[in-house]
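Colleague: Below are the chains, spelled out letter by letter.
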Amino acid sequence: GAGVSQSPRYKVAKRGQDVALRCDPISGHVSLFWYQQALGQGPEFLTYFQNEAQLDKSGLPSDRFFAERPEGSVSTLKIQRTQQEDSAVYLCASSLVNPSGGAYEQYFGPGTRLTVT
Amino acid sequence: GDSVTQMEGPVTLSEEAFLTINCTYTATGYPSLFWYVQYPGEGLQLLLKATKADDKGSNKGFEATYRKETTSFHLEKGSVQVSDSAVYFCALSLNTGNQFYFGTGTSLTVIP
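For the protein sequence lines, the chains are A and B, in the order given. If you read the first sequence in the numbering used here, its first letter stands for residue 1, the second for the next number, and so on. If you read the second sequence in the numbering used here, its first letter stands for residue 1001, the second for the next number, and so on.
Don't read these hints as lab results, they were simulated from the structure. Here the structure is a predicted model, which is why all the values come from computation and not from measurement. Don't take every hint at face value.
[Claimed, not checked] Some, not all, of what chain B presents toward chain A, calculated at C-beta under 7 Å:
1. Gly1001
2. Ser1032
3. Gly1043
4. Leu1044
5. Thr1051
6. Phe1089
7. Ser1093
8. Asn1095
9. Gln1099
10. Phe1102
11. Thr1104
Beta carbons are placed, not taken as given, at the ideal position from N, Cα and C, and that holds for glycine.
Construct the complete structure from the given sequences, taking the supplied hints into account.
Modeller: Shown next as structure tokens:
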């Protein structure tokens, strides 16, 4: 079946521009996560949705970062007034919710590589 | 806090060599542990997982055993192939709906 898709795959923005990154999770996956992956590093958590509710946004690095999932499926990560330090790969992942509480594997999209010039 | 420490790379091996990539973790509870693999130009894919102590995850000839006493989840493969060349990430998660904590990744290159 279809996996997690992200668009665009590559984005070049001039410093100060706003960008919007889209994620289409696997159909039926309640949980959706955004991660930021700097070059040569592991992904770092940004924010988490369960359906349309944003339950954890503790990883968002500043108030320039904003995420939404209004209908509980597609999600958008928006970065306002981009800075050079925002250059990274932004990964989206989705998963089911385990009714007994244990962690389920997350399925990752291919990522959006953002370059801020 | 919760974290994963992973063996630094890069690692270069000859085909059919034995592979070990070390991973240790720190967690406030009882996490589930995962290995993800990222092939060149592709996204992260789940390689294997273990959800409780002494569980062994296995897939494609790779194995890792959840060792609570040493807080480790080392990845092993008895005979690597060129097609195993990729970056490997160890990760943990405490509960459903919780973020994954990833290691920094270990780059493996297998030469013929």
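Colleague: Does the CB of Ser1093 of chain B sit less than 7 Å away from some CB of chain A?
Modeller: Given a least distance of 4 Å, the restraint on Ser1093 of chain B holds.
Colleague: Measuring from the C-beta of Gly1001 of chain B to each C-beta in chain A, is the shortest one below 7 Å?
Modeller: Hint on Gly1001 of chain B: violated, closest Cβ of chain A at ~11 Å, above 7 Å.
Colleague: For the restraint on Asn1095 of chain B, tell me whether the closest CB of chain A is nearer than 7 Å.
Modeller: holds (5 Å)
Colleague: For the hint on Gln1099 of chain B, just tell me whether its beta-carbon gets within less than 7 Å of chain A.
Modeller: holds (4 Å)
Colleague: The hint names Thr1051 of chain B as touching chain A; please verify it with the least Cβ-Cβ distance against 7 Å.
Modeller: Check passed: Cβ of Thr1051 of chain B comes within 6 Å of chain A, closer than 7 Å.
Colleague: Tell me if Leu1044 of chain B is really an interface residue toward chain A, meaning its C-beta lies closer than 7 Å to one of theirs.
Modeller: Result: holds, 4 Å to nearest chain A Cβ.
Colleague: Do the numbers back the hint for Phe1089 of chain B, that is, is its least Cβ distance to chain A under 7 Å?
Modeller: This interface hint holds because 5 Å falls under the 7 Å limit.
Colleague: Is the interface hint for Ser1032 of chain B satisfied, with its Cβ closer than 7 Å to some Cβ of chain A?
Modeller: At 4 Å from the nearest chain A Cβ, Ser1032 of chain B passes the 7 Å test, so the hint holds.
Colleague: Is the interface hint satisfied for Gly1043 of chain B? The criterion is a beta-carbon contact with chain A at less than 7 Å.
Modeller: Interface hint status for Gly1043 of chain B: holds (4 Å vs cutoff 7 Å).
Colleague: Does the nearest C-beta of chain A fall within a distance shorter than 7 Å of the C-beta of Phe1102 of chain B?
Modeller: Check passed: Cβ of Phe1102 of chain B comes within 3 Å of chain A, closer than 7 Å.
Colleague: Does Thr1104 of chain B hold up as a contact with chain A if the rule is Cβ-Cβ below 7 Å?
Modeller: Holds, about 5 Å.
Consistency with the previously given hints fails for number 1 only.
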